[in-house]
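**Student:** One letter stands for each residue in the lines below.
There are 4 protein chains.
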Amino acid sequence: MQSQISFKNDYSEGAHLEILNLLTQTNLQQEPGYGDDTWSLEAKDMIRAQIGNPDAEVYFVSGGTQANLLVISHLLKSYESVIAADTGHIQVHETGAIENCGHKINLVPHAMGKIDVTGIDKVIKAHTDHHMVKPAMVYLSQSTELGSIYNRAELEEISNYCRANNLKLFIDGARLAVALTSSEADLTLPEFAELCDVFYIGATKNGGLLGEAIVFNNACDAAGFPYYLKQKGALMAKGRLLGIQFHALFHDGLYFELAKHANAMARKLAEGIAAAGYGFALTPESNQLFPILPLQVITALNEQFAFYTWEKLDDEKAVVRLVCSWATKEADVDSFIDALNHR
Amino acid sequence: MQSQISFKNDYSEGAHLEILNLLTQTNLQQEPGYGDDTWSLEAKDMIRAQIGNPDAEVYFVSGGTQANLLVISHLLKSYESVIAADTGHIQVHETGAIENCGHKINLVPHAMGKIDVTGIDKVIKAHTDHHMVKPAMVYLSQSTELGSIYNRAELEEISNYCRANNLKLFIDGARLAVALTSSEADLTLPEFAELCDVFYIGATKNGGLLGEAIVFNNACDAAGFPYYLKQKGALMAKGRLLGIQFHALFHDGLYFELAKHANAMARKLAEGIAAAGYGFALTPESNQLFPILPLQVITALNEQFAFYTWEKLDDEKAVVRLVCSWATKEADVDSFIDALNHR
Amino acid sequence: MQSQISFKNDYSEGAHLEILNLLTQTNLQQEPGYGDDTWSLEAKDMIRAQIGNPDAEVYFVSGGTQANLLVISHLLKSYESVIAADTGHIQVHETGAIENCGHKINLVPHAMGKIDVTGIDKVIKAHTDHHMVKPAMVYLSQSTELGSIYNRAELEEISNYCRANNLKLFIDGARLAVALTSSEADLTLPEFAELCDVFYIGATKNGGLLGEAIVFNNACDAAGFPYYLKQKGALMAKGRLLGIQFHALFHDGLYFELAKHANAMARKLAEGIAAAGYGFALTPESNQLFPILPLQVITALNEQFAFYTWEKLDDEKAVVRLVCSWATKEADVDSFIDALNHR
Amino acid sequence: MQSQISFKNDYSEGAHLEILNLLTQTNLQQEPGYGDDTWSLEAKDMIRAQIGNPDAEVYFVSGGTQANLLVISHLLKSYESVIAADTGHIQVHETGAIENCGHKINLVPHAMGKIDVTGIDKVIKAHTDHHMVKPAMVYLSQSTELGSIYNRAELEEISNYCRANNLKLFIDGARLAVALTSSEADLTLPEFAELCDVFYIGATKNGGLLGEAIVFNNACDAAGFPYYLKQKGALMAKGRLLGIQFHALFHDGLYFELAKHANAMARKLAEGIAAAGYGFALTPESNQLFPILPLQVITALNEQFAFYTWEKLDDEKAVVRLVCSWATKEADVDSFIDALNHR
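Residue numbers (the working numbering), protein chains in the order written: chain A, 1 to 343; chain B, 1001 to 1343; chain C, 2001 to 2343; chain D, 3001 to 3343.
Rather than coming from a laboratory, the hints here were simulated on the basis of the structure.
Please read these numbers as outputs of a predicted model, since none were measured by experiment.
Among the hints, erroneous ones may be present.
Unchecked claim - Under the rule of at most 30 Å between Cα atoms (straight-line distance), these lysine-lysine pairs were calculated in the DSSO-like manner: (1) D:K3008 with A:K125; (2) D:K3268 with D:K3008; (3) D:K3268 with B:K1134; (4) C:K2077 with B:K1134; (5) A:K312 with D:K3008; (6) C:K2168 with A:K168; (7) A:K134 with D:K3268; (8) A:K329 with A:K268; (9) B:K1312 with C:K2125; (10) C:K2312 with B:K1312; (11) C:K2008 with B:K1134; (12) A:K77 with C:K2134; (13) D:K3134 with A:K8; (14) A:K8 with A:K77; (15) A:K8 with A:K312; (16) C:K2008 with C:K2260; (17) D:K3125 with A:K317; (18) D:K3317 with A:K8; (19) D:K3122 with D:K3168; (20) C:K2317 with C:K2329; (21) D:K3312 with D:K3008; (22) B:K1134 with B:K1168; (23) D:K3122 with A:K122; (24) D:K3134 with D:K3122; (25) B:K1134 with B:K1122; (26) D:K3168 with A:K122.
Let the hints inform the model, and build the full structure from the sequences given.
**Tutor:** Rendered as structure tokens:
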């Protein structure tokens, strides 16, 4: 148990109560294993309906790193590489999972966590023959590692480039919910889905116990994927655990409601920080905030609140990261702002 | 929802209610991620205490195939191989997960699902130089794929051989609970643990939603394992989900109680089948039964009961597999025996 | 330098003089690297012409294990497996190279080193879902590890089965030359080539310093292979070394002449052994002989001759392996027979 | 055959005549396979003597990419990474071979092709926990991809840092010979060898047909390496081919004589270019030159001479790469300078 109130991340609590309730209600119902249960099958249909693609293939896995390594290594030949931001989760925070599956990551310098066609094209142009890897996929995150959001125009440009250059576009949606429900968002779920080849819908960071729903827009991209899931240790015996969660989340818009709450809490927190006279290293766009605070303010806040110091800027101040979630209490946001103002 | 009563496996239901209750009670408590939560830390201590090894390193992962590939590939160098029964789960039912991590499996012919020193020694003797792999580990399951149980003498002989020949002994305990609580069992958990280098304690098939607790008896065997967990996509953000389950299971002996129930139901079922005049392909020892039934009896039973036909013996009869679990209702066992007798 | 005359293998000497001469003559000619030299390009054309397939893709690599792991892992997806004899080189003598590339080998019991459709079909029938690997290729050697040779009818049956069941047929031709020129042979090189998807033509064991020519009958199977060659460390900077050798070997039938010599020497040796009253564990068909000799005869012969004792049969006798090659001197064969008769 | 005189690389010709002669002289001598031949054993002793380390373990392999992937993946655990220059051969020109063996490369920005402790230390400091790879090796090339040479002080600083931080230091010596014999060199072979854990001595680019001699200074680092060589397809049946070459090269200083010639030819060429009024993108230090030439001069020179245009600087001029080797004829250098002066 932690004595501080934590703004460290969006996975500090368990699951939304609707999920726990549905788990409990259905608990003793006998179901087939390995994802063939009623709940998984129905949840996949619900997702297909909500992205507007009846032909999509949907698979549930346990986490983001697992989803990333499965999709990338499933779709690439061994000498093919994936292009990503130098701040991308697969580059920085997955202990070399992609390389361990045999693939090089070609890096593009980020701007606010995002990459663009100019950067991607430089990588493509630099890879000219079989003495080098062959870039065959673009990976990006929506929202990004830095909480920023690709807008429609940005994603369309990347999508068009990928299609013209025979590159798969794979979008890491561990935090997709906050991206789609941000006040900056100009894309609905089906509009977003249509722009890429494969993406996933994260539940772990938006109210689930665990779970990401991988969506292949074209069934042929998913050929053989069940074999691969099993081989990589990603096929859960009680697949119902994943199916039930997505069933609850995609019923009556719960998934989006939870993200709206996370964004609303973050916005309130951001406004309070700005009102207290502090700036931000990155413009707040979703549930992650990167304010710049004096070191002594950070020390004082840490008596009550837990959060990461992201980057020390100088001897006086640092960028910190504050994350809100589906479970963030408005009273805790108020306390934080209050504490900031009474310093 | 299934209309038949299922004896197909031991993972058809959700989790024991104590687990769901503890998940619900602790749900909104904020905890660190990735296994550093209070529940995981405490559950590891509980396991260390109950195996009588305060120095053991314990890691929770999501399933058996994941546990197998992690342990085997973590401990072996690329040219080292693992020795297993030709019926072993890693050989037959893991879609080549071990080979996909780079390691050959050297096969030993099984007897009732078990291997012995004679078979292991033949493999060792046959591998003489660097044009062949170097066997460096023995893998076995307790209980086995066929529901049989290694007794103390058998395990000690294998354990001694492994220690004398510099082979790691790794025991797959996906169904360890029914092995330790079987009426045939002559080993306690600490006595069992002491005989091998690394093993795991399965929760998925004994009342958990998911989860296997990997135990390294020597901490040095676990060096670097957290890196490896993350790299293979096996490190869960909400590690509490695993910790809470093992906490509930290892509190007040629940883990063993659940297995005793599974064994008791299986014994009752076996006695009923024998009383009805049918034999068994393998002597019942734990929660898996392999009776030999006439094909028309199988067809008739299938109207009410779901189970696997394991192997057709001839045009008249087949071996079937019946599995009982922590969740098997005595009334369902009675119904099955009743149906068998009224044919 | 060895004092005994060696019948241990077919790679004890250097290269045929034509090869050394061509290397020397062309030595200071400047050529492009990595297989784009004049000699490699011409040698590939010569091979295409002699197998009668102008569309074949030909790649030169340094050895048999390298050829096997490259072809198998290039053509299979990670969850696909290769079917092979339990005596197959990839199973027994490549230190797990195929598994190290991620693939399981499904074994078929051999008869005289050969497999057949009955054995292959059992493997196919046993693999039914995504909890198991998916067999997608058949690997066999011509001639086999035991010196036996598949005849036309045998290969056609396997080839037809593979085509009907969507399995690639890959033939290891490390010792292809002696198979095609054996007195038992009923297949020409083009007839042989047409029966499989990919095979290789071994030079290392038939007069070259090193080198196997991998032939893909369908160019689409070779897509991306140059990338893969480079990635696996198999692309030689001075590719001319391989091209020049195959150029010399496929000029004026030298390749076949060398193998005829090896077979003729083996036949003479076999006849001498039989005449001396000894039998064979396997009927001699190519350049490898497996006579059964008394242990004391073996000891006496070893004073003058080096060869492997293959398998001790009992306290009296053993199977030994005698190998003849392009470089075997008739005088040495005569000496061996002489020594045998004067025991 | 090429009509232009090539300065494209140092592997355009075959081998030095001493090598071809020794191959021919020893050709019909029967020898054990797989590196146990007389010549390989002697050549290893010669190398051990010349580096002054009787305990070193020496292995011969066929090329640089193969040597790099073997050493790096042999010495690293799967979650360990290797630090290299962003211009490093393993990063840029090996088609992701290192990643295909499972390892991430952490990049350090180069200066003239070289890295230093400041860059290495930044990588170390940035890798703090098991969500990231664990850097465990430093890789550098002597001479570098850009022809520059680490001097004693630079190498000592890196070596000391590695030893203090438990990092293996692995030096790619594909072009070691020109580095040791350059007029800039201040390190002898034994002095150089002592500074690292493992390095290799390249023959492919210094007069051999193929071959790199991997040297492990500590035998324990080589434990199991023969298994690994075989598994990766790197163990040559006729190992004599490699042993004989290194025998010839390390007899009477031939290896160093050839490199001195390459350096002398490069220096003469560099002086001619400078005298003709052209500058260099990098100061010439070994056998690779990077002069800056007007585009029309390049076009004119290309009628007679082949070389790579390395980088176009603007619409007027480009950096080209000119490489001299053991086989470069002084007359060709004169012709080049002549052609440059008569433009």
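**Student:** Are the hints correct? Go through all of them and say.
**Tutor:** Taking the hints in turn, this is what the structure says about them:
no. : hint                 : in the structure
1   : D:K3008 with A:K125  : holds, 22 Å
2   : D:K3268 with D:K3008 : holds, 17 Å
3   : D:K3268 with B:K1134 : violated, 54 Å
4   : C:K2077 with B:K1134 : holds, 26 Å
5   : A:K312 with D:K3008  : violated, 48 Å
6   : C:K2168 with A:K168  : holds, 27 Å
7   : A:K134 with D:K3268  : violated, 39 Å
8   : A:K329 with A:K268   : holds, 11 Å
9   : B:K1312 with C:K2125 : holds, 14 Å
10  : C:K2312 with B:K1312 : violated, 40 Å
11  : C:K2008 with B:K1134 : holds, 24 Å
12  : A:K77 with C:K2134   : holds, 18 Å
13  : D:K3134 with A:K8    : holds, 24 Å
14  : A:K8 with A:K77      : violated, 37 Å
15  : A:K8 with A:K312     : holds, 17 Å
16  : C:K2008 with C:K2260 : holds, 19 Å
17  : D:K3125 with A:K317  : holds, 20 Å
18  : D:K3317 with A:K8    : violated, 54 Å
19  : D:K3122 with D:K3168 : holds, 17 Å
20  : C:K2317 with C:K2329 : holds, 27 Å
21  : D:K3312 with D:K3008 : holds, 17 Å
22  : B:K1134 with B:K1168 : holds, 12 Å
23  : D:K3122 with A:K122  : holds, 26 Å
24  : D:K3134 with D:K3122 : holds, 13 Å
25  : B:K1134 with B:K1122 : holds, 13 Å
26  : D:K3168 with A:K122  : violated, 33 Å
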